[in-house]
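Enquirer: The primary structure of each chain is shown beneath.
There are 2 protein chains.
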Amino acid sequence: MQDSQEYKDKKAFFEKVITLYGRNVVIEVLQDSSVEVHKLHMADSNKQDGAIKEILSLASKRGVEVTYHAKNVLARISKNAKQDQGVAIDIIAKTYSNAKEIKELKSFKLIALDGIQNPQNLGMIIRSCAASDIDGIILPKKSSAKISPLVIKASAGTLFKIPIYFCDALEDILPSLENTKIYALSSHATSTIYDVKKSEKSIYVLGNESDGVSPEVQKLCNDSISIPMKRQVESLNVAVTASLIAFMA
Amino acid sequence: MQDSQEYKDKKAFFEKVITLYGRNVVIEVLQDSSVEVHKLHMADSNKQDGAIKEILSLASKRGVEVTYHAKNVLARISKNAKQDQGVAIDIIAKTYSNAKEIKELKSFKLIALDGIQNPQNLGMIIRSCAASDIDGIILPKKSSAKISPLVIKASAGTLFKIPIYFCDALEDILPSLENTKIYALSSHATSTIYDVKKSEKSIYVLGNESDGVSPEVQKLCNDSISIPMKRQVESLNVAVTASLIAFMA
Chain G
1 MQDSQEYKDK KAFFEKVITL YGRNVVIEVL QDSSVEVHKL HMADSNKQDG
51 AIKEILSLAS KRGVEVTYHA KNVLARISKN AKQDQGVAID IIAKTYSNAK
101 EIKELKSFKL IALDGIQNPQ NLGMIIRSCA ASDIDGIILP KKSSAKISPL
151 VIKASAGTLF KIPIYFCDAL EDILPSLENT KIYALSSHAT STIYDVKKSE
201 KSIYVLGNES DGVSPEVQKL CNDSISIPMK RQVESLNVAV TASLIAFMA
Chain P
1 MQDSQEYKDK KAFFEKVITL YGRNVVIEVL QDSSVEVHKL HMADSNKQDG
51 AIKEILSLAS KRGVEVTYHA KNVLARISKN AKQDQGVAID IIAKTYSNAK
101 EIKELKSFKL IALDGIQNPQ NLGMIIRSCA ASDIDGIILP KKSSAKISPL
151 VIKASAGTLF KIPIYFCDAL EDILPSLENT KIYALSSHAT STIYDVKKSE
201 KSIYVLGNES DGVSPEVQKL CNDSISIPMK RQVESLNVAV TASLIAFMA
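From first to last, the protein sequence lines stand for chains G and P.
Just so we're aligned, residue 1 is where the first sequence starts under full-length UniProt numbering, counting upward by one.
Just so we're aligned, residue 1 is where the second sequence starts under full-length UniProt numbering, counting upward by one.
No wet-lab data here; the hints were simulated from the structure.
Be a bit skeptical, because a hint or two may be false.
Which copy? The list can't say, so a pair holds if one copy fits it or any two copies do.
Here are the simulated SDA-like cross-link-like pairs (lysine to any residue), alpha carbons at most 20 angstroms apart as the crow flies [as the list claims (entries may be wrong)]:
hint: 1; residue 1: K94; residue 2: V233
hint: 2; residue 1: K100; residue 2: N24
hint: 3; residue 1: K141; residue 2: N208
hint: 4; residue 1: K153; residue 2: Q117
hint: 5; residue 1: K153; residue 2: P119
hint: 6; residue 1: K39; residue 2: K61
The shape of chain G in the complex, shown without the other chains (with noise of 0.2 angstroms):
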């Protein structure tokens, strides 16, 4: 039916498309060439002013659709009327894949994230895998911390340089790959990131700040691994063990 197919491509677009918010973080968007804008909103209710100006004037040089919308409206767009400003921006991440798409490759060692909640945590581990030979990072819509300017500042500018796998939980996707070895990172196993073994695929699967991994996504993983720590120190902050991983394993 032609209707699916139209459907399921808008679908797939809009999975890509990602609205952010806030008046310095439009402007660091609109700046970067190498991001996709799809549309510009603003309030209607905004003053004209040094911000608003430069905005409208990377807008207009970049040929970027701008919509007005009343401040209520704004508000729904952006999801965070306390931090929007006023203005929103739809960009089009091409590193954004539904995870579904990892089935398709044929090697790849990949960072999973379960229930990171900390924004600068996230924005961290983003910034080190993309600067490491990580191949991506899975991360689940329902459990995790959501890209927001927040986490965009903590990447450094690295979110669109690594492809983002989404899914709805781990659950969903972990069981369905195959020949691929699921190591979940724990402090108290008694395995090291030392013992790993080469594989054709591997993900790494790292847990909540306070609470590690969950139960749920703990027995889909074929091994729990530790990294060796000295001095009776606990565990090590999630975006660190993110960056041994990403930079050791």
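Model the placement of chain P on the given structure of chain G, informed by the hints.
Expert: Same frame as chain G, now just chain P:
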């Protein structure tokens, strides 16, 4: 002269005393039996609520000396009227030393910080170094973030697990160390951490979050080294860099 020796002893003692503040921090410190407490300071004006009662009960159990002060006097002790919440505590950090003591060590691998400003970064660096086989951290008093409740929180209870060598400025200590390899971390360096050869005495210098290692300190280093990065990422978070050095160097 007797006085002179007494003065030196006193000075050495007070170099190891640090004053922390804020109710939660004080409770944590009093609960940690590995931390030696010198004195507890309370504002006269504190209401006897749950937290204050808990603090006094913990202090009493440990036999800690409690002194009461007018609110403005307490503010001079905490040096942070806005955040002390009427409570400060002097602790004796056995792991604190003067950087001059490094000269007496036969072998070491140290991290030196040159202008780290963000308390969360400092706390994370302490945490990662404590968990690794880094022997200590050189922390200049002039250019770096101070040890504060934010640093302690980010260090996740590891602050007193690793030696911290204080100096006024790195220029005071680095030139006096003999047979020591000193490396400045720089994302522009052509040598990498993989080129570093084993040496008995080595120091890795990490620079300010925005500007990197200062030109003055750079001059005192034997070499600049980088961590190789993919996808044209320009730099890593400084706490991540410290962690990679701590676990990989």
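Enquirer: Each of the hints needs a verdict: does it hold here or not?
Expert: Hints and how they fare:
1. For the identical chains of this complex, K94 and V233 are inter-copy neighbours only, at 17 angstroms across copies versus 40 angstroms inside a copy, given an alpha-carbon limit of 20 angstroms.
2. In this homomeric assembly, K100 and N24 never come within 20 angstroms of each other (Cα to Cα): the closest approach is 34 angstroms inside a single copy and 45 angstroms across copies.
3. Taking the closest pair of Cα atoms, K141 and N208 come within 20 angstroms of each other only inside a single copy of the chain (14 angstroms); across copies the shortest separation is 35 angstroms, beyond that limit.
4. Taking the shortest alpha-carbon separations for K153 and Q117, both the intra-copy value of 16 angstroms and the inter-copy value of 17 angstroms come in at or below 20 angstroms.
5. Taking the closest pair of Cα atoms, K153 and P119 come within 20 angstroms of each other both inside a single copy (9 angstroms) and across two copies (17 angstroms).
6. When the C-alpha separation of K39 and K61 is checked against a cutoff of 20 angstroms, the pair qualifies only within one copy, where the shortest distance is 14 angstroms, while the shortest distance between copies is 64 angstroms.
Going down the numbered hints, you'll see the structure goes against just number 2.
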